[in-house]
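S.K.: One line per chain: the protein sequences are A and B, in this order.
Its first residue numbered 1, the first sequence is counted upward by one per residue in our numbering.
Its first residue numbered 1, the second sequence is counted upward by one per residue in our numbering.
You may find that some hints are simply not true.
Far from chain A, some chain B residues (derived; all Cβ distances over 10 Å) [as the list claims (entries may be wrong)]:
{"no.": "1", "residue": "L74"}
{"no.": "2", "residue": "L108"}
{"no.": "3", "residue": "D119"}
{"no.": "4", "residue": "E136"}
{"no.": "5", "residue": "G143"}
{"no.": "6", "residue": "R204"}
{"no.": "7", "residue": "R217"}
{"no.": "8", "residue": "R226"}
DMTMM-like mimics (lysine to aspartate or glutamate), calculated; alpha carbons at most 20 Å apart, straight line [what the hints assert, rightly or not]:
{"no.": "9", "chain 1": "B", "residue 1": "K151", "chain 2": "A", "residue 2": "E73"}
{"no.": "10", "chain 1": "A", "residue 1": "K134", "chain 2": "B", "residue 2": "D112"}
{"no.": "11", "chain 1": "B", "residue 1": "K134", "chain 2": "A", "residue 2": "E62"}
{"no.": "12", "chain 1": "A", "residue 1": "K151", "chain 2": "B", "residue 2": "E131"}
{"no.": "13", "chain 1": "B", "residue 1": "K151", "chain 2": "A", "residue 2": "E241"}
{"no.": "14", "chain 1": "A", "residue 1": "K151", "chain 2": "B", "residue 2": "E73"}
{"no.": "15", "chain 1": "A", "residue 1": "K151", "chain 2": "A", "residue 2": "E97"}
{"no.": "16", "chain 1": "A", "residue 1": "K151", "chain 2": "B", "residue 2": "E8"}
{"no.": "17", "chain 1": "A", "residue 1": "K52", "chain 2": "A", "residue 2": "E62"}
{"no.": "18", "chain 1": "B", "residue 1": "K52", "chain 2": "B", "residue 2": "E62"}
{"no.": "19", "chain 1": "B", "residue 1": "K151", "chain 2": "A", "residue 2": "E8"}
These aren't lab readings, by the way, just hints derived from the structure by calculation.
By construction, the Cβ of each residue, glycine as well, lies at the ideal position given by its N, Cα and C atoms.
Protein chains: 2
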Amino acid sequence: MADAPPYELHYWPSIQGRGEFIRLALEDAGAPYVDVARLPAAQGGGAQALMKTMRGESGHLEPFAPPFLRSGELVVAQVANILQYLGPRLGLVPADEASRLRAHQLQLTVADLVSEVHDTHHPVAVELHYEEQKPEAARRAAGFVAHRLPKFLGYFERVLERAGGRHAVGGATSYVDLSLYQVLAGLRYALPRAMARVEPTVPRLVALGEAVAARPRIAAYLASTRRLAFGQEGIFRRYPELDAAG
Amino acid sequence: MADAPPYELHYWPSIQGRGEFIRLALEDAGAPYVDVARLPAAQGGGAQALMKTMRGESGHLEPFAPPFLRSGELVVAQVANILQYLGPRLGLVPADEASRLRAHQLQLTVADLVSEVHDTHHPVAVELHYEEQKPEAARRAAGFVAHRLPKFLGYFERVLERAGGRHAVGGATSYVDLSLYQVLAGLRYALPRAMARVEPTVPRLVALGEAVAARPRIAAYLASTRRLAFGQEGIFRRYPELDAAG
């Protein structure tokens, strides 16, 4: 019997972005995968190849946006949909329907938070640079830091509390836990002053983040060159003027 | 054998909002359901009862936001997650995994569009009134009308084209088709001038909307008092100053 082909992740090659939630799940499971756009152009990689696919030139119906995953004949897009597909295959979600629905619901709430983080620096239009929407970004970020950030993180803290404290869903690490780690890491990069105020109010979430970072395959991944650095092109960007002292 | 208990939809009682995507699926299927917050307060209805649940006073872990569905012991939140749960039970999605993943992916893209529509009138903060963010809304809406609206609707048009023209997924009406109808209806209410320009470019989508509206149970629902009117409190709001002449 031939080995199953590796998963193909298709995402922008130079940023963590939304693709990172998929990378963390594949890495934690030790799953065989190819991060296609990070291959050399001669092997089909590069941002140009990804853009060509997104323009529909592959012959397939392109998804609306990256990331997407190829698994054999299937093409799956939307981060939460990909994780829902991978979860059972990677052992990163409990088997029962109630837990899977719950994990997916939490992942969709993570996605909502990620969109709101993105819009702190792009409140007017994704087609414009941050520098073209700075006054609007200042207002949006202030509201995000004052209201939305504590609301979202407080919600996930209560989720952990009611689930026993250590995992978002069930009694073991799920893809939701991995995504919550990524959100914490990104928020600490982007909004360190705001996070310094909020973190003491969400101790279970902070402990979860530490536990995920210490998982052997995640620790090895984070120390590797496969883990891209945070920067000024992804979801989580450090603009000190948006990180209000409160 | 006792009848299965009806589905309980929990959503704000005075707006279509995100709950409408669930109502349309339940109505199209002729499924037994209770729109709980629209019951009299003495029967557990009203916005106050919903807010009490959302504050966690029910003893359950509240979802992050309405709508949510109770089905027996299960509580399912997030519109796309609810529709994914209901789809097979209501006969509103094909049976095979590839089609279900695809329907869910498209529904998540609908959710992204809905969020962007909301942010045309609330680009700064959901906690503020529109009147407190009018300059920012004007900028965001202009970009939405110029770039995002044609991009999203053009994408769904291509989805229909590649699927044979009449349905988003498979050979029959799915919950995605019902949601696309609702998006079209809402956009026509909110942005009639912008839609008058875009609609000629998306003929399959327009025809799909007409076909959904003509389905007997949907037509009966739309003519009933169960269908709330569009207004200035939901996702789709008519602020003429945001509906640029282009």
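S.K.: Now tell me if each hint is right for this structure.
M.R.: Hints, one by one, checked against the model:
1. L74: The assertion about B:L74 is violated, with a minimum of 6 Å to chain A.
2. L108: Nearest chain A Cβ is 4 Å from B:L108, so the label is violated.
3. D119: At roughly 7 Å from the nearest Cβ of chain A, B:D119 sits no farther out than 10 Å, so the non-interface label is violated.
4. E136: violated, 5 Å
5. G143: B:G143 is in fact no farther than 10 Å from some Cβ atom of chain A, at 4 Å.
6. R204: holds, 14 Å
7. R217: holds, 26 Å
8. R226: At roughly 26 Å from the nearest Cβ of chain A, B:R226 sits farther out than 10 Å, so the non-interface label holds.
9. B:K151 with A:E73: violated, 27 Å
10. A:K134 with B:D112: violated, 23 Å
11. B:K134 with A:E62: violated, 35 Å
12. A:K151 with B:E131: At roughly 24 Å apart (the allowed maximum being 20 Å), B:E131 and A:K151 break the hint.
13. B:K151 with A:E241: Since the Cα atoms of B:K151 and A:E241 sit roughly 32 Å apart, the hinted pair is violated (cutoff 20 Å).
14. A:K151 with B:E73: violated, 27 Å
15. A:K151 with A:E97: Cα-Cα ~27 Å, so violated.
16. A:K151 with B:E8: The given pair, whose Cα atoms are some 26 Å apart, is violated under the 20 Å limit.
17. A:K52 with A:E62: The given pair, whose Cα atoms are some 10 Å apart, holds under the 20 Å limit.
18. B:K52 with B:E62: Cα-Cα ~10 Å, so holds.
19. B:K151 with A:E8: Roughly 26 Å between the alpha carbons, so the hint for B:K151 and A:E8 is violated.
Consistency note: the structure conflicts with the earlier hints numbered 1, 2, 3, 4, 5, 9, 10, 11, 12, 13, 14, 15, 16 and 19.
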